[in-house]
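Visitor: Using the hints provided, position chain B relative to the given structure of chain A.
Protein chains: 2
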Amino acid sequence: MAPLRDGRTTTSEEMAATTRRPRLEFWFEYASTYSYPTAQRIERCADERGVEVTWRPFLLGPIFASQGWNDSPFNLYPAKGAYMWRDIERICAGYELAWRKPSAFPRSGLLAARLTVAASGESWMPDLVRAFYRANFVEDLDISDESVAGGVLAAVGQTAAPWLARARDDDVKQRLRGQTERAIRLGIFGAPSFIVDGELYWGNDRLAAALERAAAA
Amino acid sequence: MAPLRDGRTTTSEEMAATTRRPRLEFWFEYASTYSYPTAQRIERCADERGVEVTWRPFLLGPIFASQGWNDSPFNLYPAKGAYMWRDIERICAGYELAWRKPSAFPRSGLLAARLTVAASGESWMPDLVRAFYRANFVEDLDISDESVAGGVLAAVGQTAAPWLARARDDDVKQRLRGQTERAIRLGIFGAPSFIVDGELYWGNDRLAAALERAAAA
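Going down the list, the sequences are from chains A and B. Residue 176 in our numbering sits at position 176 of the first sequence, and the numbers go up by one each step. Residue 192 in our numbering sits at position 192 of the second sequence, and the numbers go up by one each step.
Keep in mind the hints are simulated off the structure, nothing from the lab. Keep in mind the model is a prediction, meaning the values are calculated, not measured. Take the hints with a grain of salt, since some may be wrong.
Simulated crosslink set (EDC-like; lysine to aspartate or glutamate; CA at most 16 Å straight-line) [what the hints assert, rightly or not]:
no., chain 1, residue 1, chain 2, residue 2
1, B, 80, A, 199
2, A, 80, B, 199
3, A, 101, A, 139
4, A, 101, A, 89
5, B, 101, B, 142
6, B, 101, B, 140
Short derived list, chain A residues pointing at chain B, Cβ under 8 Å [said to hold, decoys possible]:
no., residue
7, 67
8, 77
9, 79
10, 80
11, 82
12, 83
13, 187
14, 189
15, 200
16, 202
17, 205
Cβ atoms here follow ideal geometry from the backbone N, Cα and C, with glycine treated the same way.
Chain A with its partners taken away, still in its complex shape (with noise of 0.2 Å):
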């Protein structure tokens, strides 16, 4: 049972009460650059709504891969790698939300999602998304590197050391290739995406109407 604020403990009951507030499964990749904005807003928007957010990061390349893609379809597609860069830049000053091109793009996002996977238990979790995010679509930093890894771990106050070494855990790398394995079967083939009911959502651009799902269900 946990402490309530005037010391009292919480009834199982007012512990389901909690846990029954709908949930919004948020699947994202690194990489991607539309995952950005929705990163950054979507505690504040589900908030809004009365929705818990699930975070769930996973990788596109082997998607891409089974889709014959070798790299990322705004570079293998021209005409819509460069609308998306204005689109993204566009979207983000909607927002009030910085926003850089990264020098590389992209960048590989493996150990940020198996250093997030590592971390899902913990309450800093959700600002480590945000500053990797940060880290790539605005410092331009590339986050594949240890040491960058590590200063982002250090941003959200944690001793990098210890979580580097959690994320070669073989256990870590076999919980991330399952979620990756889990967005394939539910049908996910871009990020970001949302899971709400069993119903898809693709796009930062959806997030409302999921959001509105949610909060209805």
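Guide: Same frame as chain A, now just chain B:
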């Protein structure tokens, strides 16, 4: 000079004020599912923002072919296709717009696009566009069939035969070809797309942002 309701004629200044209404180009392809809800709602939405719509039919086929696709990406990439069919259903429900998944997809929009080009100076052209989309995505009719197209023309109050004949004119064919080439030069790679002020917006879900920019110009 055009007569006004009170019998005066418009001055050149009044004409200029009319033509100075901000403009948005709406680029659409009849095979495109997401162009359907846009076509049905764009005039009402644009009116609300005081924006004039320029209707630009074009063909996605040549653009997809230049990317190495010989079919719709929704057929080539099954996960993306499965998502689109569910997403468009939800979107139309949100707009309280009729929707039926067509029994054949994609249907060639060539004949409908040629007829739209032929009718480009006519006041009923937007009605024709909406009627073709309804035929494809509500009535599940083969819009590439001349008798179906004739029925669509009749539904908007036109005698079919002369328009079907005009759609076969070299001039009309050439104008549609030129329009598709212009789409490529503008960086268009999908439908619906909007051009405002040299800026490209892609997708039904970007209509509000495109109108916002047009209204602010």
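Visitor: Now tell me if each hint is right for this structure.
Guide: Evaluated hints:
For the hint pairing residue 80 of chain B with residue 199 of chain A, the CA-to-CA distance comes to about 14 Å; that is within 16 Å, so the pair holds. As the CA atoms of residue 80 of chain A and residue 199 of chain B are separated by approximately 14 Å, the hinted pair is consistent with the 16 Å bound. Using a Cα cut-off of 16 Å, the hinted pair residue 101 of chain A and residue 139 of chain A holds, with the two alpha carbons roughly 9 Å apart. Under the criterion of a C-alpha separation no larger than 16 Å, the hint pairing residue 101 of chain A with residue 89 of chain A is consistent with the structure, at around 8 Å.
Among the hinted pairs, residue 101 of chain B with residue 142 of chain B is consistent with the structure: their alpha-carbon atoms are about 13 Å apart, no more than 16 Å. Using a Cα cut-off of 16 Å, the hinted pair residue 101 of chain B and residue 140 of chain B holds, with the two alpha carbons roughly 7 Å apart. Interface restraint check: residue 67 of chain A against chain B, minimum CB-CB distance 6 Å, threshold 8 Å, status holds. A hinted interface residue such as residue 77 of chain A counts as satisfied when its beta carbon comes closer than 8 Å to some beta carbon of chain B; here the least separation is about 6 Å, so the hint holds.
For residue 79 of chain A, the interface hint holds, the least distance from its beta-carbon to any beta-carbon of chain B being 4 Å, beneath 8 Å. Hint on residue 80 of chain A holds. Least Cβ distance to chain B is approximately 5 Å, under the 8 Å limit. Hint status for residue 82 of chain A: holds, given a least beta-carbon distance of 6 Å to chain B, under 8 Å. Hint on residue 83 of chain A holds. Least Cβ distance to chain B is approximately 6 Å, under the 8 Å limit.
About 5 Å separates the beta-carbon of residue 187 of chain A from the nearest beta-carbon of chain B, less than 8 Å, and the hint is met. Because the closest C-beta pair between residue 189 of chain A and chain B is about 4 Å apart, less than 8 Å, the hint holds. At a threshold of 8 Å, the smallest CB-CB gap from residue 200 of chain A to chain B is about 6 Å, leaving the interface hint in force. Given hint, residue 202 of chain A at the interface with chain B, holds; its Cβ is 6 Å from that chain's nearest Cβ, closer than 8 Å.
The interface hint given for residue 205 of chain A is met, as the beta carbon of that residue sits about 5 Å from the closest beta carbon of chain B, less than 8 Å.
No hint from the list above goes unmet by this structure.
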